[in-house]
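**Q** Chain A is fixed; fit chain B onto it per the hints.
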Amino acid sequence: MEKNPSHHDPQQLGRLLLDMGITILHSGAPTRRVNLILYRVAKAYGYELHLALSTRHLSISLQGGQQENAFSGGRSKPSLPGVNFRVVSEISTLSLELAENQLPLDQVKERIKLIKSQPHYPRIIVLTVVSLAGSAFCYTFGGDYLEMGITFLATFFGLFLKQELTKRSVNTYLITFFSAVLAALVIGLFWKIGLPTQLDQAFATSVLFLVPGVPLVISFVDLLDGFILNGIERGVNALMHAFGIAAGLAFVLYIFQIPF
Amino acid sequence: MELLEVFYKGFWCSCAALGFGILFNAPKRSLWMILLVGFLGGSVKFGLMLPEVGGRIVFSTFVAALVIGFSGVFLGNWKKLIPMIITIPSVIPMVPGAFAYKAMLGLITLTHLPDENYGQIVNRTIYNGTMTLFVLLAITLGVTIPLVLLKLEFVGKVRVGSAWKKG
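Chains A and B, in that order, are what the protein sequence lines are.
Throughout the first sequence, residue numbering follows full-length UniProt numbering, covering 1 to 260 in sequence.
Throughout the second sequence, residue numbering follows full-length UniProt numbering, covering 1 to 167 in sequence.
Bear in mind the hints are in silico, worked out from the structure with no lab data behind them.
Be aware that a few hints might be false.
Stated by the list, open to error - These stretches of chain A come out as covered by chain B in the derived footprint (C-beta under 8 Å, 3 or more residues):
(1) 130–141
(2) 160–169
(3) 174–182
(4) 198–204
(5) 208–214
(6) 220–233
(7) 238–250
Claimed, not checked - Listed below are several chain B residues computed to face chain A (Cβ distance under 10 Å; list not exhaustive):
(8) K80
(9) I82
(10) G97
(11) L149
We treat Cβ as the ideally placed atom computed from N, Cα and C, and that holds for glycine.
This is chain A alone, in the form it adopts within the complex:
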């Protein structure tokens, strides 16, 4: 550690690292990624980092040049991780930049604030494109154009409900369940009207927008990296979402008495 550690305030650096860490942890970054980014930034500022993290909690301690403890602290968030790739990507870029050139900490704080306040894509675009993705699924699974249209509608309503319920901070598994119910209900109504085509593919693909793809893949990444506990936690989380989808679909099939 050639750099003079007293040049940067360890308290402020520690708080910034906690902020960065918990933000990317909650945007769907694998454990390894969080480790890597925090370690990189701490090293750039001349400190050694030790951290412990689960999927909702992060504690770090910073050691200065003479192995003395310069900062320890923790941060936790009650909610389960969501997905926001833009935040992960930009914090990763920021950390690479900091490794090259140590900006003043106040400036870093502003940058993180800016990254966190960035908006999502407009809601109507998200709804339209994800519904289009739903009908694209339907095609690759062997559906015809009529089924694709119905799947588009089902996904649209399902995702709309999901967004509304997320705003009201309902339990995430219940959100998945109710969205699956609504999406399948739309298909069920079309089935009730009596369309000439089989709606098998439409039923199977209408709920695919709820598939917890990110936790599933990240769970395996964590497991292969040796973060067994975090991997299992994410995997079970994904499994519970899958159960939510299955329950919602089964519920609709049951009330409509659809024979398959």
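**A** Same frame as chain A, but now just chain B:
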């Protein structure tokens, strides 16, 4: 023309990948990569599943996921993006939705009173459930092998393995 059909399916796969990219709020500059990698993955999967090639679904999905994984790492290193941002939306179109759906329906049917068809339903359900599991494994392994096991990803001056070593 079967090859045309393969590319057509690849096109729809890339549409689905784009949808998930936007749902996950992927950065704007990564969207074209998601489209491209999604198309590549879909074409490889359905290409291998052509009767002339005769790939089974688990194998085809695994190869397609590997292609997605490697091209994602390549593009990510080139444009300084996290490969995960490109690869995860691209593999989602391969999620075995139809198998999972049939396995689930089978499970529901198993709650009925057993009759002469019961054994057949059990067999079907186990088949569909196993396929779901293995296709999911193929997807996740295909994406994570280039990242985690081969460590091809660019991570700046710090190497991944050194992140826990002192100093």
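**Q** All hints, please: hold or fail.
**A** Status of each hint after checking the structure:
no.: 1; hint: 130–141; result: holds (count 10)
no.: 2; hint: 160–169; result: violated (count 0)
no.: 3; hint: 174–182; result: violated (count 0)
no.: 4; hint: 198–204; result: holds (count 3)
no.: 5; hint: 208–214; result: holds (count 5)
no.: 6; hint: 220–233; result: holds (count 4)
no.: 7; hint: 238–250; result: holds (count 4)
no.: 8; hint: K80; result: holds, 7 Å
no.: 9; hint: I82; result: holds, 6 Å
no.: 10; hint: G97; result: holds, 5 Å
no.: 11; hint: L149; result: holds, 7 Å
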